[in-house]
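Enquirer: Model the full structure from these sequences, guided by the hints.
So the chains spell out like this:
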Amino acid sequence: MIIDLEKFSTVERPAWEELEKLLNRFENEPAFRPTVEQARQFHYLYERTSADLAKLVTFSAEPELRRYLENLVARAYSEIHETRGAQKRFSPLNWFLRTLPQTFRRHVKAFYLSLAVTIAGCAFGALALAFDPEAKAVIMPFAHLAGDPSDRVAKEEAVKEDRLSGAKTTFSGELMTHNTRVSILTLALGMTWGIGTIISLFYNGVILGAVALDYVRAGEIKFLLGWLMPHGVIEIPAILIAGQAGLILANALIGWGKRERLGQRFRAIAPDLVTLIFGVGVMLIWAGFIEAFLSQYHEPVIPYAAKIGFGCIELMLLILFLARSGKRAEAAADRELVQATAT
Amino acid sequence: MTRTNTLLIKTPEGVVFSQTLAGPIARFMAWLIDLALMLALLIGVSFAMVFLSIITPDFAAALRTILFFVITIGYAMTLEWIWRGQTIGKRAMGLRVVDAYGLKLQFSQVAIRNLLRIVDLLPGLYVVGGLATLFTRKAQRLGDLAANTVVIRIPKISQPNLAQFGADKYNSLRAYPHLCARLRQRVSPAEASAVLQAIVRRDEFDATARVLLFAELADHFKSKVEFPAEAVAEIADEQYVRNVADVLYRTETKRAAGILPASETRQDAKGTLVT
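These protein sequence lines map, in sequence, to chains A and B. Those letters in the first sequence? Residues 2 to 344, by the numbering used here. Those letters in the second sequence? Residues 1169 to 1443, by the numbering used here.
Each hint should be verified, as a subset may be incorrect.
Some chain B residues near chain A, calculated using beta-carbon distances under 8 angstroms [claimed, not checked]: (1) 1225; (2) 1229; (3) 1237; (4) 1252; (5) 1268; (6) 1286.
Within a straight-line C-alpha distance of at most 25 angstroms, the following computed PhoX-like cross-link-like pairs (lysine-lysine) qualify [stated by the list, open to error]: (7) 110/A / 259/A; (8) 1178/B / 22/A; (9) 223/A / 137/A; (10) 56/A / 1337/B; (11) 1337/B / 8/A; (12) 110/A / 169/A; (13) 1337/B / 1392/B; (14) 223/A / 156/A; (15) 8/A / 22/A.
Simulated from the structure, these hints should not be mistaken for laboratory data. Virtual Cβ for every residue (Gly too), placed ideally from N, Cα, C.
Expert: Right, dumping it as structure tokens:
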């Protein structure tokens, strides 16, 4: 049987057009909240158009009209069947103080793994330098780290004028963007089943371990701490969190012991990955400022004790923030969930 | 793994709708357009910073570094979020990023597919991403896989022009309503579609192909139902096929002629048609 296409189209078109108008409102006005009547009408129009599409597919094969209806049904379907939480108005403060630390804690095992890989890298770097001092040029291919640490310290402490004068903001911007790029790469390499992420974390650890040993052996521990701590206590955890995100991604890709399909596993972690990587971005902006405006100035300009003290305060605040921030809200949400389940 | 260029989604209501997946070439072209626009933006920023550097060189250089980063990372992310899955390049190529399950595109999906572009670009010119689109079932690059998104072609939607049947012309087949009814009964939707498409696209064929196509179609439908010789005498094959289409798609009822019984079609209080 073939349906009378012209009659069908004439009779049904007003409903399609009304649905299209509503869809345009939904799509173009993010703040649009339909009334109960509008929502009911929208659902009715969706079901009616779906029925029309089914009828058309069964009793006719007119491709143009079919494409038109498929497009309408697809758009309406995405509006009606979205079960993920409605996108509330984004509050940056709420995101930073609650969502970010809660997300970090939810995946803390991945963070510990990221930390373990970096520590292993540090150990490797330190051991490599201890056993083969010639390897320094390979492990630390940076001009300012190539020479003897004591010479560098003497040179830095003897500097009278501000070397970064007129270039501090530029240096800060370069640090922020470079480190954020490295962090994004560390996250993205999770798609290599985590191998790329692990290599990236390990390599960072190797450099850190070698630099630390080099300065410790030269007896420049105070300089090392004063130089690295103000920015490093934020920058290094930021890279570790990027690694954590990469490992979460890898875990979803591998799916050990999980019954969900690949798509469902990725869907479950997507918001967490975005939260973590944007959190890393915020941390690296701070670290970039500190590195350019504070870390590069040594005694006698800024006493090492002050720099190390500042770094310790930052580290304590960071640990407190990641461990405690948003905990009360989390507990309240858990209680609500238990009550809802009980009733 | 079976590859297809169509994404089929079945709704809980049992209705299946399809979306045509975009191929790697169309996507690459869209990316080239976006790349050109990004380069234009970066050049614009550089020029602006030259002027700013007269006042504050350090701040201008820092701002340029940050804006370069923001443009390269944020261009596609921002546009795809604001324009629901489209950048300027995708708009030009008629493409759109959508959720792989047909649901609403979330910001996290847009962010992930764009952040993971860094891996898809490796080792250069989208080699990893391009290969992934060739080997994944839904033509997804790695960023799309992780974000659960697909890139589809936006259909060019237009209402079919049914006037092409020539409704105002005399149709000799209609003199035999019982044979018309038999024809409607015996013709499948796919056959009817072939007729409709042949008529809609008749001006696109070259003359010989057009004659051959309509001759073949006419023979096919003549074998389905045999109309008396006087009904088909001196009718060209193309006219015969148009008459067949007219019979198939337009039943001659009072409603088709625009006389609709009030009891069958009315408008409710909200102006919605209810039948």
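Enquirer: Hint by hint, say whether it matches the structure.
Expert: Right, here's what the structure says about each hint:
1. Among the interface hints, the one on residue 1225/B holds; its C-beta lies about 7 angstroms from the nearest C-beta in chain A, closer than the 8 angstroms criterion.
2. The criterion of a C-beta within 8 angstroms of any C-beta in chain A is met by residue 1229/B, whose closest approach is roughly 4 angstroms, and the hint holds.
3. Interface restraint check for residue 1237/B: the shortest CB-CB distance to chain A comes to about 4 angstroms, inside 8 angstroms, so the restraint holds.
4. Look at residue 1252/B: its Cβ gets to within about 6 angstroms of chain A, closer than 8 angstroms, so that hint holds up.
5. With a cut of 8 angstroms, the hint placing residue 1268/B at the interface with chain A holds, because the nearest CB-to-CB distance is about 6 angstroms.
6. For residue 1286/B, the suggested interface contact is upheld, since its CB lies about 5 angstroms from the closest CB of chain A, less than 8 angstroms.
7. In summary, the hint linking residue 110/A to residue 259/A is supported, as the alpha carbons are separated by about 16 angstroms, within the 25 angstroms threshold.
8. A threshold of 25 angstroms between alpha carbons decides the hint, and for residue 1178/B with residue 22/A the separation of about 24 angstroms falls inside it, so the pair holds.
9. Taking the CA atoms of residue 223/A and residue 137/A, the gap is near 21 angstroms; set against the 25 angstroms cutoff, the hint holds.
10. At most 25 angstroms may separate the alpha-carbon atoms for a hinted pair to count; residue 56/A and residue 1337/B exceed this at roughly 29 angstroms.
11. Using a Cα cut-off of 25 angstroms, the hinted pair residue 1337/B and residue 8/A holds, with the two alpha carbons roughly 18 angstroms apart.
12. At most 25 angstroms may separate the alpha-carbon atoms for a hinted pair to count; residue 110/A and residue 169/A exceed this at roughly 37 angstroms.
13. Simply put, residue 1337/B and residue 1392/B have alpha-carbon atoms about 23 angstroms apart, close enough for the 25 angstroms limit, and the pair holds.
14. The hinted pair formed by residue 223/A and residue 156/A meets the criterion: a straight-line CA distance of about 15 angstroms does not exceed 25 angstroms.
15. A hinted pair counts as satisfied when its Cα atoms are at most 25 angstroms apart, and residue 8/A with residue 22/A qualifies at roughly 22 angstroms.
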